[in-house]
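Quick note on numbering: our numbering labels position 144 of the sequence shown as 162, and the sequence is numbered without any gaps.
These aren't lab readings, by the way, just hints derived from the structure by calculation.
A couple of the hints might just be wrong.
[As the list claims (entries may be wrong)] With a straight-line cut-off of 16 Å between C-alpha atoms, the simulated EDC-like cross-links for lysine to aspartate or glutamate are:
(1) K30 <-> E41
(2) K142 <-> D108
(3) K129 <-> D150
(4) K170 <-> E83
(5) K30 <-> E83
(6) K142 <-> D165
(7) K129 <-> E167
(8) K170 <-> D116
(9) K29 <-> E83
(10) K59 <-> E38
(11) K142 <-> E110
(12) K102 <-> E57
(13) K71 <-> E38
(14) K102 <-> E167
(15) K102 <-> E83
(16) K115 <-> E145
(17) K170 <-> D108
(18) K71 <-> E93
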Amino acid sequence: MQPDHITEFLKKPIEQLEYELVEVNISGSKNPTLQIMIERKDRNNISLRDCEKVSRSLSTLIDVEDVISDQYTLEISSPGVERKLNSLNDYERFTGKDALIQLRVPINKSKKIRCNIRGVTKDKRIEFLCLDDINSDDHLINMSLQDIETAKLLAP
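Produce the entire structure from the sequences given, and follow the hints as far as they go.
Put into structure tokens, the structure is as follows:
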């Protein structure tokens, strides 16, 4: 099963446990590692107890539903300080934070930009203040979520 399918499969059970699914990664082909990153809905820090709770619940579900047919290793963790930004809600939540954005189409020949997240507009566009000198006319840019290949927060 592909990470996108696993994400959809696990999203609701994780939400029922009062967590949010942030990211799913699968690495390795023989005895793969399934890495699941979660956050608490109350925005408190993830503890070892949180990871154990989610791990126990999901490992049973994954085994019963045969999501991964081979033997696998399940890792549950926090997304960390330099977490990925996946949705408009993430950009709203992390307004004022610095991020590294990988663009689908370059701006002035640059596909990677360091920026400060300024927020999300009413028409669902994300506003950034560029920290790199990529555009001499205006350092404030906005784009749709579809314009972004990947994005992650930068450590303070």
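Cross-check of the supplied hints:
Between K30 and E41 the alpha-carbon distance is near 14 Å, which keeps this suggested pair within the 16 Å criterion. The hinted pair formed by K142 and D108 meets the criterion: a straight-line CA distance of about 12 Å does not exceed 16 Å. Restraint check for K129 and D150: satisfied, since their Cα atoms lie roughly 12 Å apart, inside the 16 Å limit. Of the supplied pair hints, the one linking K170 and E83 is violated, its CA atoms being roughly 32 Å apart against a limit of 16 Å.
With a CA separation close to 14 Å, the supplied pair K30 and E83 stays within the 16 Å bound. With a C-alpha separation of about 12 Å, the suggested pairing of K142 with D165 holds against the 16 Å cut-off. Annotation: proposed proximity of K129 to E167 holds, straight-line Cα distance about 9 Å (limit 16 Å). With a CA separation close to 9 Å, the supplied pair K170 and D116 stays within the 16 Å bound.
Note on K29 and E83: the hinted pairing holds, with a Cα-Cα distance of about 15 Å set against a maximum of 16 Å. Restraint check for K59 and E38: satisfied, since their Cα atoms lie roughly 6 Å apart, inside the 16 Å limit. Restraint check for K142 and E110: the C-alpha separation of about 10 Å stays at or below 16 Å, so the hint holds. A C-alpha spacing of about 12 Å is found between K102 and E57, which places the hinted pair at or below 16 Å, so the restraint holds.
Taking the CA atoms of K71 and E38, the gap is near 14 Å; set against the 16 Å cutoff, the hint holds. The suggested pairing of K102 with E167 holds, with an alpha-carbon distance near 11 Å, which does not exceed 16 Å. Our distance criterion of 16 Å between C-alpha atoms is broken by K102 and E83, whose separation comes to about 28 Å. Restraint check for K115 and E145: satisfied, since their Cα atoms lie roughly 12 Å apart, inside the 16 Å limit.
Between the alpha carbons of K170 and D108 the distance comes to roughly 10 Å, so the proposed pair stays at or under 16 Å and holds. Of the supplied pair hints, the one linking K71 and E93 holds, its CA atoms being roughly 12 Å apart against a limit of 16 Å.
Against the hints set out earlier in the document, violations occur for numbers 4, 15.
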